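Participant: If you read the protein sequences in the order shown, they are chains Y and U.
What the first sequence shows, in the numbering used here, is residues 1 to 179, in sequence order.
What the second sequence shows, in the numbering used here, is residues 1 to 179, in sequence order.
Derived from the structure by calculation, the hints contain no laboratory data.
Check the hints yourself; a few may be wrong.
Remember, identical chains collapse to one label, so a pair may be satisfied in a single copy or spanning two.
Unchecked claim - Here are the simulated SDA-like pairs of lysine to any residue, each with C-alpha atoms no more than 20 Å apart in a straight line: (1) 24 <-> 169; (2) 158 <-> 10; (3) 158 <-> 62; (4) 63 <-> 11; (5) 24 <-> 76; (6) 158 <-> 133; (7) 16 <-> 80; (8) 63 <-> 91; (9) 16 <-> 169; (10) 158 <-> 67; (11) 63 <-> 103; (12) 158 <-> 111; (13) 158 <-> 148; (14) 63 <-> 97; (15) 24 <-> 163; (16) 63 <-> 92; (17) 24 <-> 164; (18) 158 <-> 106; (19) 63 <-> 23; (20) 158 <-> 105; (21) 75 <-> 46; (22) 63 <-> 104; (23) 63 <-> 98; (24) 158 <-> 169; (25) 63 <-> 18; (26) 63 <-> 102; (27) 75 <-> 124; (28) 158 <-> 45; (29) 158 <-> 84.
Quick caveat, the model's predicted, so the values are computed rather than measured.
Protein chains: 2
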Amino acid sequence: MPDPIVFSGGAHGAWKVRRQGAVKGAPLADVTHIERGATASADAAWTLSGVTSNLRYTSASEKRVLDATPSVLAKPAATRAALIPITKSAAWWALAQDERRAILEEQSHHVAIGSDYLGVVARQLVHCRDQPGARFDFLTWFEFAPADEGRFDELLAKLRATPEWTYIEHEVDIRLERA
Amino acid sequence: MPDPIVFSGGAHGAWKVRRQGAVKGAPLADVTHIERGATASADAAWTLSGVTSNLRYTSASEKRVLDATPSVLAKPAATRAALIPITKSAAWWALAQDERRAILEEQSHHVAIGSDYLGVVARQLVHCRDQPGARFDFLTWFEFAPADEGRFDELLAKLRATPEWTYIEHEVDIRLERA
């Protein structure tokens, strides 16, 4: 079942902001902490909410690879995290399913690149494009150990250099550590 | 952009219920009228809401066929309508994208069957699975002339006989006429 996930930015929360900024488009208002839960924090400066959902592009053979290394959040050693909200352009969403799949995987190798980092980066994809009034299409969430932040940056650099990323029109990058 | 759509069932509305019932699973409470709009009616007995969204399975070549006969709602001659909320099983949603596509089109010919009726049935697919607390995955809406209701029933009979439909675990069929 789809699971509601809410990120509340403000002065309190389980994650302390180390740095935040826009990669493309408008930034989010600066906050010192972020809470991630099923509902919004009462005193949040901003909230971003969505749901976990079914796979949209992954094939059965790719899914077998992903399922062999399940993404486990809240591992004790994973004291660093990143919240990267993104929005794709209207041109992306107007494409047919096979056109979007071809850009995402056959041209950009999104799933294949990500698969190389399953062991060091736990991730969660939160969908929000279909939530009325949403400011982003996706809220991407990653957890990793401090020693693996370099590898995480390497993953991001590879993805940001792909044809798929030319369709990203809004991207914010917030780096966190457990409070 | 995703467009919010709300169906409000109650004692008032632009569409009068001719008959309603469950095809599979629990029925919805009987109402005499349904209003379809961007927001809920104040006095509704029940509301079902979701959003229009991007295509999930349609290929570029299939999209060209669909785009050649755009679905136009609110045609004066289309005084009959059907609201058919459906929910697919957890087994469906756990499948990978290529497995769902294969069942939907290569095995069930969903898009191909639907294409034969584009001229007589205007349709809108409202997604609600990703709305927190939603009771259905989709709210499917169809408008047609009274003389074409037989053809619409033929379309439904063909779809309900497909492998795809074995994954439908909840389906309600509400037939309407303009009030």
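Participant: Give a verdict on every hint.
Facilitator: Against the structure, the hints:
1. Taking identical chains as interchangeable, the C-alpha atoms of residue 24 and residue 169 lie at most 20 Å apart only when both belong to the same chain, with a minimum of 6 Å there against 43 Å between chains.
2. Proximity of residue 158 to residue 10 under the C-alpha cut-off of 20 Å is found in neither arrangement, the shortest distances being 31 Å within a copy and 53 Å between copies.
3. For the homomeric pair residue 158 and residue 62, the shortest alpha-carbon distance inside one copy (19 Å) is at most 20 Å, but the shortest distance between copies (33 Å) is not.
4. In this assembly of identical chains, residue 63 and residue 11 lie within 20 Å of each other by CA distance neither inside one copy nor across copies; the values are 38 Å within and 48 Å between.
5. Taking identical chains as interchangeable, the C-alpha atoms of residue 24 and residue 76 are never at most 20 Å apart, the minima being 32 Å within one chain and 46 Å between chains.
6. Proximity of residue 158 to residue 133 under the C-alpha cut-off of 20 Å is found in neither arrangement, the shortest distances being 31 Å within a copy and 37 Å between copies.
7. In this assembly of identical chains, residue 16 and residue 80 lie within 20 Å of each other by CA distance solely inside one copy; the values are 9 Å within and 56 Å between copies.
8. Within a single copy, residue 63 and residue 91 get their C-alpha atoms only as close as 27 Å, which misses the 20 Å cut-off; across copies the closest is 15 Å, which meets it.
9. Proximity of residue 16 and residue 169 under a CA criterion of 20 Å is satisfied in neither setting, with 27 Å inside one chain copy and 44 Å between copies.
10. In the homo-oligomer, the alpha carbons of residue 158 and residue 67 never lie at most 20 Å apart, since the shortest distance is 22 Å inside one protomer and 35 Å across protomers.
11. For the homomeric pair residue 63 and residue 103, the shortest alpha-carbon distances inside one copy (18 Å) and between copies (17 Å) are both at most 20 Å.
12. In the homo-oligomer, the alpha carbons of residue 158 and residue 111 lie at most 20 Å apart inside one protomer (12 Å), although the nearest pairing across protomers, at 36 Å, exceeds that limit.
13. Taking the shortest alpha-carbon separations for residue 158 and residue 148, only the intra-copy value of 16 Å comes in at or below 20 Å, while the best inter-copy value is 54 Å.
14. Proximity of residue 63 and residue 97 under a CA criterion of 20 Å is satisfied in both settings, with 18 Å inside one chain copy and 9 Å between copies.
15. For the identical chains of this complex, residue 24 and residue 163 are intra-copy neighbours only, at 16 Å inside a copy versus 44 Å across copies, given an alpha-carbon limit of 20 Å.
16. In the homo-oligomer, the alpha carbons of residue 63 and residue 92 lie at most 20 Å apart only across protomers (15 Å), although the nearest pairing inside one protomer, at 23 Å, exceeds that limit.
17. Only within a single protomer do residue 24 and residue 164 lie at most 20 Å apart by alpha-carbon distance; the minimum there is 14 Å, versus 41 Å between protomers.
18. Proximity of residue 158 and residue 106 under a CA criterion of 20 Å is satisfied intra-copy only: 15 Å inside one chain copy versus 35 Å between copies.
19. Proximity of residue 63 to residue 23 under the C-alpha cut-off of 20 Å is found in neither arrangement, the shortest distances being 29 Å within a copy and 33 Å between copies.
20. Taking CA atoms no more than 20 Å apart as the test, residue 158 paired with residue 105 passes inside one copy only; the shortest distance there is 13 Å, against 34 Å between copies.
21. For the homomeric pair residue 75 and residue 46, neither the shortest alpha-carbon distance inside one copy (26 Å) nor that between copies (42 Å) is at most 20 Å.
22. Proximity of residue 63 to residue 104 under the C-alpha cut-off of 20 Å is found in both arrangements, the shortest distances being 15 Å within a copy and 19 Å between copies.
23. Both within a single protomer and between protomers do residue 63 and residue 98 lie at most 20 Å apart by alpha-carbon distance, with minima of 18 Å and 10 Å respectively.
24. Taking identical chains as interchangeable, the C-alpha atoms of residue 158 and residue 169 lie at most 20 Å apart only when both belong to the same chain, with a minimum of 17 Å there against 42 Å between chains.
25. Taking the closest pair of Cα atoms, residue 63 and residue 18 never come within 20 Å of each other, the shortest separation being 33 Å inside a single copy and 45 Å across copies.
26. Taking CA atoms no more than 20 Å apart as the test, residue 63 paired with residue 102 passes in both settings, with 17 Å inside one copy and 16 Å between copies.
27. With identical chains, the CA atoms of residue 75 and residue 124 are at most 20 Å apart within one copy only, with a shortest distance of 14 Å there and 44 Å across copies.
28. Neither within a single protomer nor between protomers do residue 158 and residue 45 lie at most 20 Å apart by alpha-carbon distance, with minima of 32 Å and 52 Å respectively.
29. Only within a single protomer do residue 158 and residue 84 lie at most 20 Å apart by alpha-carbon distance; the minimum there is 15 Å, versus 44 Å between protomers.
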